[in-house]
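Undergrad: Listed below, chain by chain, are the residues.
2 protein chains.
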Amino acid sequence: MPNIKLEVEFDGTRYFGWQFQPNRITVQGTLEQALAKLYGVPVRAFGAGRTDTGVSALAYPANYAAPRELALPAIVAALNQRLPDDIRVHAAEVVPDSFHARYDARSKVYRYTLVRGHSPVLARHAWELVLPLDLARMRRAAGFFIGEHDFALFCRITTGAEPVKVKRVAIRERRSTLTGARLLQIEIEGNRFLYKMVRRMVGALVDVGRGKFGAAELACAVRHGPRVQFSTAPACGLVLVSVKY
Amino acid sequence: MPNIKLEVEFDGTRYFGWQFQPNRITVQGTLEQALAKLYGVPVRAFGAGRTDTGVSALAYPANYAAPRELALPAIVAALNQRLPDDIRVHAAEVVPDSFHARYDARSKVYRYTLVRGHSPVLARHAWELVLPLDLARMRRAAGFFIGEHDFALFCRITTGAEPVKVKRVAIRERRSTLTGARLLQIEIEGNRFLYKMVRRMVGALVDVGRGKFGAAELACAVRHGPRVQFSTAPACGLVLVSVKY
Numbered sequence: 001m002p003n004i005k006l007e008v009e010f011d012g013t014r015y016f017g018w019q020f021q022p023n024r025i026t027v028q029g030t031l032e033q034a035l036a037k038l039y040g041v042p043v044r045a046f047g048a049g050r051t052d053t054g055v056s057a058l059a060y061p062a063n064y065a066a067p068r069e070l071a072l073p074a075i076v077a078a079l080n081q082r083l084p085d086d087i088r089v090h091a092a093e094v095v096p097d098s099f100h101a102r103y104d105a106r107s108k109v110y111r112y113t114l115v116r117g118h119s120p121v122l123a124r125h126a127w128e129l130v131l132p133l134d135l136a137r138m139r140r141a142a143g144f145f146i147g148e149h150d151f152a153l154f155c156r157i158t159t160g161a162e163p164v165k166v167k168r169v170a171i172r173e174r175r176s177t178l179t180g181a182r183l184l185q186i187e188i189e190g191n192r193f194l195y196k197m198v199r200r201m202v203g204a205l206v207d208v209g210r211g212k213f214g215a216a217e218l219a220c221a222v223r224h225g226p227r228v229q230f231s232t233a234p235a236c237g238l239v240l241v242s243v244k245y
Numbered sequence: 001m002p003n004i005k006l007e008v009e010f011d012g013t014r015y016f017g018w019q020f021q022p023n024r025i026t027v028q029g030t031l032e033q034a035l036a037k038l039y040g041v042p043v044r045a046f047g048a049g050r051t052d053t054g055v056s057a058l059a060y061p062a063n064y065a066a067p068r069e070l071a072l073p074a075i076v077a078a079l080n081q082r083l084p085d086d087i088r089v090h091a092a093e094v095v096p097d098s099f100h101a102r103y104d105a106r107s108k109v110y111r112y113t114l115v116r117g118h119s120p121v122l123a124r125h126a127w128e129l130v131l132p133l134d135l136a137r138m139r140r141a142a143g144f145f146i147g148e149h150d151f152a153l154f155c156r157i158t159t160g161a162e163p164v165k166v167k168r169v170a171i172r173e174r175r176s177t178l179t180g181a182r183l184l185q186i187e188i189e190g191n192r193f194l195y196k197m198v199r200r201m202v203g204a205l206v207d208v209g210r211g212k213f214g215a216a217e218l219a220c221a222v223r224h225g226p227r228v229q230f231s232t233a234p235a236c237g238l239v240l241v242s243v244k245y
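Chains as they are written, first to last, in this note's numbering: chain A, 1 to 245; chain H, 1 to 245.
Among these hints, one or two may not hold up.
One side of the interface only, derived from the structure: several residues of chain H facing chain A at Cβ under 8 Å [claimed, not checked]:
| id | residue |
| --- | --- |
| 1 | Asp52 |
| 2 | Gly54 |
| 3 | Ser56 |
| 4 | Leu58 |
| 5 | Ser176 |
Hints listed in this document are in silico derivations from the structure and should not be mistaken for laboratory results.
Built from N, CA and C at the ideal position, the CB exists for glycine as well.
Just need the whole structure built from these sequences, with the hints factored in.
TA: So this is what it looks like as structure tokens:
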């Protein structure tokens with residue numbers, strides 16, 4: 001039984017995230033249905049981790065033990081035939097038996113897109129934000145996230161004590177290739193992410209950028225948990241770009 | 001009664017184009033409903049011309065005779081409150097009484113976006129095309145469209161004999177700001193456009209780019225009407241960028 005790793009792009013708009021949930025449409029559930037149709041037996045797909053409801057992914061890795069051998073291009077074509085249009089398998093490769101898409105992940109890269117002003121054409125995958133933002137303040141504040149912190153405090157959740165390390169937060173202005181609208185993109189790389197963590201980070205950065213809270217309040221929130229009510233960015237603007245092994 | 005010109009962005013995915021049709025959802029019908037709610041009386045909005053079902057627009061101009069005077073920012077805010085999320089008024093200005101969004105239009109700029117390969121995240125506003133394309137061939141072929149031609153022949157429609165002049169066809173490769181995917185964008189400016197004209201032009205350019213037909217067949221089709229069955233690009237990839245007066 002070869003261990004197959006897939007690279008999957010999905011538009012998360014209508015899914016309750018990656019992870020299987022009974023009676024709800026999820027990407028894992030949908031992919032496992034396609035795998036079952038292809039192989040004629042139930043197949044379990046192991047993804048790189050949960051994604052929140054509505055979040056999309058460009059190259060989501062998932063692996064499964066193939067019940068029988070099929071040529072890799074045939075797997076890609078057959079799965080895409082059986083998947084809805086908002087999920088596409090871009091690649092399949094044979095990986096060592098020991099490979100596990102979640103446990104072996106070393107870091108993940110998320111990208112959050114904001115559009116300055118209203119844009120119906122971009123709204124499906126961007127947070128429409130009319131307020132002016134002070135980019136320099138946001139960039140300074142972003143530095144406070146870097147490093148290993150107890151992000152469970154920041155995220156106001158209780159969780160196992162595995163350390164979370166944020167490696168990089170990059171903020172850049174761009175023009176949308178589709179509409180020419182001004183975008184702000186926040187790219188965040190970390191070893192792992194907690195529930196709503198990226199969206200809470202982006203919400204806090206936006207609160208600092210619009211002057212609602214100061215960078216000091218953000219710095220304090222990263223160390224001790226938020227004392228103020230930072231915003232949480234909506235799921236639509238978030239995309240999992242890649243997972244590194 | 002001041003003559004007000006609006007600049008409207010809309011995601012055309014769920015609309016049967018701009019122009020009012022009984023029992024069908026259109027952008028004009030939806031905008032006129034919002035205007036009627038705002039002013040308390042029926043208001044007719046004159047748009048810059050029809051758009052095909054599913055086509056989007058970034059700055060669609062429409063004008064109307066305002067039943068009473070309202071401050072321009074108040075008009076923008078009040079209309080946006082009354083419009084669905086996939087239509088947004090970006091600006092309102094007072095224009096001379098003689099101004100008509102359709103009759104005064106001097107040229108229109110359309111942009112067509114293709115994504116190379118499958119991309120669920122981009123598919124709402126791009127044509128997913130897996131086949132390799134010869135860009136140099138496409139650029140040479142694009143030159144045959146430039147100038148004044150009887151595009152009714154090319155579009156296989158019968159129409160009044162107003163001349164259609166294509167001023168510019170620009171093809172460029174870009175990376176999507178949202179996903180990093182390879183895009184091909186075809187921007188076309190002309191004094192006016194016939195039914196499905198841009199989509200037929202893009203379809204023909206793609207047919208030449210993939211080697212299905214030669215540039216000579218396209219050149220002939222522009223002059224005498226197509227003798228071969230060129231493709232028609234799907235509506236989703238098409239956006240009306242701007243209208244010049």
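Undergrad: State for each hint whether it applies.
TA: Hints, verified against the model:
Among the interface hints, the one on H/Asp52 is violated; its C-beta lies about 16 Å from the nearest C-beta in chain A, farther than the 8 Å criterion. Checking H/Gly54 against chain A by beta carbon gives a least distance of about 12 Å; that is not within 8 Å, so the hint is violated. Residue-level restraint check for H/Ser56 holds (minimum Cβ-Cβ distance to chain A is 5 Å; threshold 8 Å). Interface hint at H/Leu58: satisfied, since its Cβ lies 5 Å from the closest Cβ of chain A, which is below the 8 Å cut-off.
Contact between H/Ser176 and chain A, as hinted, is supported at the beta carbon level, the nearest pair being about 5 Å apart and thus within 8 Å.
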